[in-house]
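Trainee: This is what each chain is made of:
Number of protein chains: 2
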Amino acid sequence: MSVAIENFVKAIYKNNMHDIKDTKPGNIAKKLGISNAAATDMAKKLAAKELLNYEKYQELQLTEKGTKMALNVIRKHRLWEALLFKMFDMSLHDIHREAELLEHQTSDLLAEKISEYLGHPKFDPHGDPIPNALGEITTKNTSISLSEAKEGQTYMISRLMSDDKEFFEFCAQNQIKYRNTLTVSKQFVNNKMTQILIGSNTIVLNEDFTKIIYVDEN
Amino acid sequence: MSVAIENFVKAIYKNNMHDIKDTKPGNIAKKLGISNAAATDMAKKLAAKELLNYEKYQELQLTEKGTKMALNVIRKHRLWEALLFKMFDMSLHDIHREAELLEHQTSDLLAEKISEYLGHPKFDPHGDPIPNALGEITTKNTSISLSEAKEGQTYMISRLMSDDKEFFEFCAQNQIKYRNTLTVSKQFVNNKMTQILIGSNTIVLNEDFTKIIYVDEN
DNA sequence: AATTATTTTTAAGTATACTTAAATATTTTA
DNA sequence: TAAAATATTTAAGTATACTTAAAAATAATT
Numbered sequence: 001m002s003v004a005i006e007n008f009v010k011a012i013y014k015n016n017m018h019d020i021k022d023t024k025p026g027n028i029a030k031k032l033g034i035s036n037a038a039a040t041d042m043a044k045k046l047a048a049k050e051l052l053n054y055e056k057y058q059e060l061q062l063t064e065k066g067t068k069m070a071l072n073v074i075r076k077h078r079l080w081e082a083l084l085f086k087m088f089d090m091s092l093h094d095i096h097r098e099a100e101l102l103e104h105q106t107s108d109l110l111a112e113k114i115s116e117y118l119g120h121p122k123f124d125p126h127g128d129p130i131p132n133a134l135g136e137i138t139t140k141n142t143s144i145s146l147s148e149a150k151e152g153q154t155y156m157i158s159r160l161m162s163d164d165k166e167f168f169e170f171c172a173q174n175q176i177k178y179r180n181t182l183t184v185s186k187q188f189v190n191n192k193m194t195q196i197l198i199g200s201n202t203i204v205l206n207e208d209f210t211k212i213i214y215v216d217e218n
Numbered sequence: 001m002s003v004a005i006e007n008f009v010k011a012i013y014k015n016n017m018h019d020i021k022d023t024k025p026g027n028i029a030k031k032l033g034i035s036n037a038a039a040t041d042m043a044k045k046l047a048a049k050e051l052l053n054y055e056k057y058q059e060l061q062l063t064e065k066g067t068k069m070a071l072n073v074i075r076k077h078r079l080w081e082a083l084l085f086k087m088f089d090m091s092l093h094d095i096h097r098e099a100e101l102l103e104h105q106t107s108d109l110l111a112e113k114i115s116e117y118l119g120h121p122k123f124d125p126h127g128d129p130i131p132n133a134l135g136e137i138t139t140k141n142t143s144i145s146l147s148e149a150k151e152g153q154t155y156m157i158s159r160l161m162s163d164d165k166e167f168f169e170f171c172a173q174n175q176i177k178y179r180n181t182l183t184v185s186k187q188f189v190n191n192k193m194t195q196i197l198i199g200s201n202t203i204v205l206n207e208d209f210t211k212i213i214y215v216d217e218n
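Just so you know, the protein sequences line up as chains A and B, in that order. If you're matching positions, the first sequence starts at 1 in our numbering and goes up one per residue. If you're matching positions, the second sequence starts at 1 in our numbering and goes up one per residue.
By construction, these hints were calculated from the structure, which means they are not laboratory data. Quick caveat, the model's predicted, so the values are computed rather than measured. Please note that a few of the clues may not be correct.
Stated by the list, open to error - Partial list, derived from the structure: chain A residues whose beta carbon lies under 10 Å from chain B:
{"#": "1", "residue": "M90"}
{"#": "2", "residue": "L102"}
{"#": "3", "residue": "T106"}
{"#": "4", "residue": "H120"}
{"#": "5", "residue": "F123"}
{"#": "6", "residue": "M161"}
{"#": "7", "residue": "D164"}
{"#": "8", "residue": "F168"}
{"#": "9", "residue": "E169"}
{"#": "10", "residue": "I198"}
Quick reminder that beta carbons are idealized off the backbone N, C-alpha and C, glycines included.
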């Protein structure tokens, strides 16, 4: 299966996971940076391959086969991120960019070798879960977003759910890193902002960021 | 530049290095598993991109730009081989197959990180030289092929110049490995065969193999 | 509910990287 | 050196993954 197909299936999977947005060709097209027409075309093509169910004007739904494919690609992506992060001094955004390409050129055998080498990790450096070779995911449902966190409470960062370069640059500059701890010093409820204490810094984050930083009680 | 272009340029480079065969579209086509017509097409296309010089019915010659591109891809291939070989228990042929795909999806930055991690190695696990970031190669001109080796002399294996699966399976089964030592016990000059002592085994190799196994005096 | 706006789909067209078949040139060999 | 064999090139055609523009359907707004 081609890179275009793998990316399409992955985009649908992620859209169904993270967003409330409906999974129609237009939304997928926007994520992939292609035209709506191209997305409709691809949807039909993948329906013929039994990777998804397609009916005109309806939402796209991955079949079990399509879901397996998406999880396999995501597994490889996150294993690469974990490996590159461990071995090399590279930013979260850089390892994401490399993994985005490497994920499509990695045999199941190599993925397994990487997983083994890392001790079969369940999470990547963003805190995103790594599916196992069967496509099974360990979910961590104790995590909450910073926007829901309690004032005065100390938390451990469990997930940075983004692939925006600027966000990761901000993270790198402010010790916002998977498994670091922070304390919520103030919730500005009306302004939807959150003030945190991390290391020796006090930072005020707006909702754009507090909704994608997930934490666990410590 | 596309994978097809990188592979084309790489095939020309290798053809000019290793073989006496003339570098015409047909030979390149054979190596890449495409039709002669496709190779002629590509040659014209790459000439327009100034990656090679093309004149009807003449040999294909890489320009400096084309050579740089080939060396950059080869560098990434061999760095991946060195990394995978060091980290994982995989056969020489398997790491070759993975590297063949990964080489096209590796940024210069990542290549440099891999090189750094490995201590900027000059040779990969086949003994093939790894070009540096500028495309410079350290050549080792003291090596000779086993077919030219002296009876009674002990050598160190310096290069296994092949990408044939069966050859590498044979190597794996017989301790024929980069930097292992062997002794030439007999040269069967008329039959073009060579008998070697490696570990506790005695093996007779025909010319197909003795021409691609390179050794250094010890 | 009707109009407007937005999305989706269809249709026609493009670039890349191939293919096969036929024409042309080169190379081999007798 | 002329004929035969081989290689290269040209021409026409295909699949993939897109594009833009227009038509059709759905969703939003008044």
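Trainee: Run the structure past the numbered hints and jot down the numbers of the failing ones, going up.
Mentor: 4, 5, 6, 7, 8, 9 and 10
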